[in-house]
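Visitor: As a plain string of letters, each chain reads:
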Amino acid sequence: MSSLVGFLSLVIAIGINFYLFLSRYIFKFKKQKFNLFIRLSSLLTLLSFFSLMYAYVVSDFSNYNVFQNSHSNKPLIYKISGTWGNHEGSMLLWLSILSIFSFFFSFTKNIDKSFQRLTLIIQSLLHILFGLFIVFTSNPFLVNSILVNEGLGLNPILQDPGLAVHPPILYAGYVGYSIVFSIAIAGLFQNTDDEWLYVAKKWSLISWTFLTGGIALGSYWAYYELGWGGWWFWDPVENISLMPWIAGLALVHSLMMVRGEQAIKKWIVFLSILCFSLSVFGTFLVRSGILTSVHSFAADASRGIFILLIFFIVTGFGFLVFLLKEPKKSNDLNLLFINKVSALVINNILMIIATLTILLGTIYPIIIEVLYNKRISVGGPYFNSTVIPIMIPGFLLMSVAPILSWQTNKINNSKKYVLAFIVLSVLVLIQSYFLDFNTWGFVGLLLGFWIILASIIAIFSSYKIKINIKFFKIINPHVAHIGVGIAIIGITCSSVFQNELDFNLNEGDKFIVNGKTVLFEKIETTNEINFQSLRGKFLFDIEKNQSKEIEAGKNYYPVSKMITSEAGILHQWNKDIYFILGDQKNNEWFVKVLINPFVSFIWLGVIIMMYSGLIAVSRR
Amino acid sequence: MNRIFILTPLVVLLVICIFSLVYLLSGKDPNKPPSALLNKDVPIFESSSLYNSKDIIKTKDIKNKKTLINFFASWCSPCKIEHPLFFEIRKKYPELYLLGFNHKDPPSDAKKYLEDDGNPYDFVGVDSDGLIALEFGVFGLPETYLINEDGKIIYKFMGPITMDILKNEIEPLL
Numbered sequence: 001m002s003s004l005v006g007f008l009s010l011v012i013a014i015g016i017n018f019y020l021f022l023s024r025y026i027f028k029f030k031k032q033k034f035n036l037f038i039r040l041s042s043l044l045t046l047l048s049f050f051s052l053m054y055a056y057v058v059s060d061f062s063n064y065n066v067f068q069n070s071h072s073n074k075p076l077i078y079k080i081s082g083t084w085g086n087h088e089g090s091m092l093l094w095l096s097i098l099s100i101f102s103f104f105f106s107f108t109k110n111i112d113k114s115f116q117r118l119t120l121i122i123q124s125l126l127h128i129l130f131g132l133f134i135v136f137t138s139n140p141f142l143v144n145s146i147l148v149n150e151g152l153g154l155n156p157i158l159q160d161p162g163l164a165v166h167p168p169i170l171y172a173g174y175v176g177y178s179i180v181f182s183i184a185i186a187g188l189f190q191n192t193d194d195e196w197l198y199v200a201k202k203w204s205l206i207s208w209t210f211l212t213g214g215i216a217l218g219s220y221w222a223y224y225e226l227g228w229g230g231w232w233f234w235d236p237v238e239n240i241s242l243m244p245w246i247a248g249l250a251l252v253h254s255l256m257m258v259r260g261e262q263a264i265k266k267w268i269v270f271l272s273i274l275c276f277s278l279s280v281f282g283t284f285l286v287r288s289g290i291l292t293s294v295h296s297f298a299a300d301a302s303r304g305i306f307i308l309l310i311f312f313i314v315t316g317f318g319f320l321v322f323l324l325k326e327p328k329k330s331n332d333l334n335l336l337f338i339n340k341v342s343a344l345v346i347n348n349i350l351m352i353i354a355t356l357t358i359l360l361g362t363i364y365p366i367i368i369e370v371l372y373n374k375r376i377s378v379g380g381p382y383f384n385s386t387v388i389p390i391m392i393p394g395f396l397l398m399s400v401a402p403i404l405s406w407q408t409n410k411i412n413n414s415k416k417y418v419l420a421f422i423v424l425s426v427l428v429l430i431q432s433y434f435l436d437f438n439t440w441g442f443v444g445l446l447l448g449f450w451i452i453l454a455s456i457i458a459i460f461s462s463y464k465i466k467i468n469i470k471f472f473k474i475i476n477p478h479v480a481h482i483g484v485g486i487a488i489i490g491i492t493c494s495s496v497f498q499n500e501l502d503f504n505l506n507e508g509d510k511f512i513v514n515g516k517t518v519l520f521e522k523i524e525t526t527n528e529i530n531f532q533s534l535r536g537k538f539l540f541d542i543e544k545n546q547s548k549e550i551e552a553g554k555n556y557y558p559v560s561k562m563i564t565s566e567a568g569i570l571h572q573w574n575k576d577i578y579f580i581l582g583d584q585k586n587n588e589w590f591v592k593v594l595i596n597p598f599v600s601f602i603w604l605g606v607i608i609m610m611y612s613g614l615i616a617v618s619r620r
Numbered sequence: 001m002n003r004i005f006i007l008t009p010l011v012v013l014l015v016i017c018i019f020s021l022v023y024l025l026s027g028k029d030p031n032k033p034p035s036a037l038l039n040k041d042v043p044i045f046e047s048s049s050l051y052n053s054k055d056i057i058k059t060k061d062i063k064n065k066k067t068l069i070n071f072f073a074s075w076c077s078p079c080k081i082e083h084p085l086f087f088e089i090r091k092k093y094p095e096l097y098l099l100g101f102n103h104k105d106p107p108s109d110a111k112k113y114l115e116d117d118g119n120p121y122d123f124v125g126v127d128s129d130g131l132i133a134l135e136f137g138v139f140g141l142p143e144t145y146l147i148n149e150d151g152k153i154i155y156k157f158m159g160p161i162t163m164d165i166l167k168n169e170i171e172p173l174l
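Sequences listed follow chains A and B, in order.
Residues in the first sequence are numbered from 1 upward in steps of one, following this note's numbering.
Residues in the second sequence are numbered from 1 upward in steps of one, following this note's numbering.
It cannot be assumed that every hint is accurate.
Stated by the list, open to error - Short, incomplete list of chain B residues facing chain A, as computed with Cβ under 8 Å: (1) Ile-16; (2) Cys-17; (3) Ser-20; (4) Val-22; (5) Tyr-23; (6) Ile-165.
No wet-lab data here; the hints were simulated from the structure.
Where is the CB? At the ideal position from N, CA and C, for every residue including glycine.
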C-alpha cells in the first residue's frame, strides 16, 4: 500500500512539474498559484520518499527494494538509513532534496518575482529529468513477485551511524547547487540587474556548507570504519565530491567580489554551471558503475546511459545558454599588484586549476581504457604531487587576503606581518629540525600556523574587539581561514608524521606504544542482533590506575556474508592511537597500531569552516 | 578569442561524454579487470600427465600450435557445467590443442571425474600444489586461456564458458 502511495505521488509530482514547465509558454499563471504548485510537487515528492521509508521501517518485503536491501533484524536506525542505502532509494533522496530546495526557494523574498519563477521553472526541468530517471530505470516501488518473510540485508559496511547521515548531508550539498545553477541560468535569460548575485551567494554558501559536512562525515567514516588508518585516499568517489567543493569555494569567493562591485558576472555564471555539472557528473560516475567503490550498488549500463544523458543535457544546456546569452559586460577589474581583487582572482585561478587537475586524474583511467584497453589507476602520488603544490600559493595568500584593500596596494601594518612571518618560519624550522625534518611537514606546518597567526593579527589590529553578533559577522572570513589553518596542521601532522607499529601477539602479552605499556587482554566473540563480533581488548597505559580500554576487531554479517573491520581508536586531543586487529597465524594475532598526531585538528578545522559558512549565509 | 574560451566547456563536455558513452557501451565491467597477462608470453611451466607421471609437458611443447588451456578440478561444480563444451570445441576445431590443468585435486578423484564426464583434453597436466595456476594468475576455477602460435596469451576467461562466449568471444579468435 505504502509503495502504491509512494509511486503515485512521485508520478503526480513529476506531472505537476511538466505542467509548470509547459505553463510558462501556454498558460498564464498567477504568481501565487505558481508557487503553490511548486510547493505541492515538493510535498508530494517528500510523501513519496517517506512512503518508501515507511516500507523500510515496517519491513514491508512486498516491496522489492525493501526485500533486496533490508532485513527485519536490523536496528531501527539502519532500517531508516536503508532507505537511501541503495541505488533506487538514494536517487529518490536526491529528488526529494531537489524538491526541498525548490520549496524553500519559492519563499525567497526581496527577489524579482518573474526571476524567481524562471529559476523555479529550471528547477522543474531538473525535477522532470531526475524523476523520469527514477521511474524508468530505478523505481524503488517495484512489487516483489514472490512472497517472502525476510529480506536480503543491507551492505554491512553501511550499517554505521556516520553513514546513516552522510548521504543526506552530502546530497544537500550536491543538489543545493541545482538552485545556484538555476539562478545563474535565469540570470542569463533575464539580464536585468545584479540582485540575483546576492541570492546566488546565499544558496551557494548553504550548499557549500552542507557539502563540507557531507565530505567530512564520509571521510571520518572511512577513517574509523575502513581500518586503513587514513582519512583521505584520493579514491575516485572522494575526488568527485572534492571537485564541486573546490569549484564551490571558488564560486563563494568570486561572489564576495560583488561587495567590492568588482563581480565578474561571466565567471560567476560559469562557476555556477560548473558546480552543478560536477555534482551531476559525480552522480553519473558513481551510479553507472564506471567506478567501483562502496558507493556503487549495482552496475547497470542502461542507468549509466540515462544519467550520462541527463548530465549531457544539463551541462550542455547550461553552457550553451552561457555561450548564446553572454552576460553584459561587467566593470573592469581593478587589478593591482596586491589588492583584494587580485588576491581573489589568483585564488579563483588556482582553485579552477586544482579542480581540472582532479578531473583529469579521475577520468584519465576511463580514457586510457577506452583507447588502449588497459586498466590503469591514478592514485595518491599523482594527486599529492599536483593538487597540493597548486594550492600552496593560495594558502599563503589567504592569510592576508581578507584585510587587503579593494582600491589600493597598501596593506595596513605590513611590517607586523613580515616580522611575524619571519619569526614563525624560524620557530617552525627549529621545531622541524629537532623532530625529524621533512620538507612537506615543514611547509604544511608553516602554512597552517601562518594562516592562523596572520588571521589573528588581522582581527586584533584591524577591528575593534566587541563581543556581539555583528563583530563575529565582520571577522567571519578570518575565522573561516583560521579553520583552514587548523585543518592544514591536522592534515600535515596526521599524514607526514604518522607512526606505524606492527606486533604479533598472544592474549596476555604486553607491548609498548608511544612509551606507554599496553596489555593485550583477551579476544572476545559475541553475537549481536545482526552480526557476530570478534574483539581484541586492549588496556592502554596499564601502569596508571585509569588505564583506558580499547576494542578493535571485526564484525561478521551472516545475512550478506561480509566481514567489516572495526578499528579501535583512542582519541586524545593531540593524537589518535589507532588499533587494527589482523588475522591469527600460528596462535598469534597480528596487531597494527598507528599513531596519528593531531587528527582531531582536521575535524575541528572543518567544523569552524562550516560555522563560518553558516554565519556568512546570514551576512549580506 | 573570447568565444573560443566560452566554447571550451562545451568541447570538454563532449569529449567526456563520448568517452564515457563508449566505455558504457563496450560493456566493460570495472569489477572484472583485463588480465595483466593478456598479449604476454605464456608463463613457463612444467607438469606431468595425470595418467603417467613420466609424461611431461613444458612451455616449449605448445609452441607453434594454438592452445586452449583450461584449469579445472573435480570439486569445482561450475567446471562440470562448462565441461561438455570442450567436446564441442574438440569436434569443431580438431587442430586446436586442448590442455587441461587439474588444480589441487587428488589424482584418483580427477581420474574418476574424467571417466564419468569424459576426457576432452589432449593432455591433462597435474597442478597439485597450484603453482602453475599461480603463474597464470588464476583467480578461481574454472579459468580458460587461449594461446596463439607465438606463445602469447590472446584471451582469458574467468568462470565457466558458455555457448555465447564460445561463439562470440572465442571462435572469432580461432
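Visitor: What are the numbers of the hints the structure violates, in ascending order?
Guide: 6
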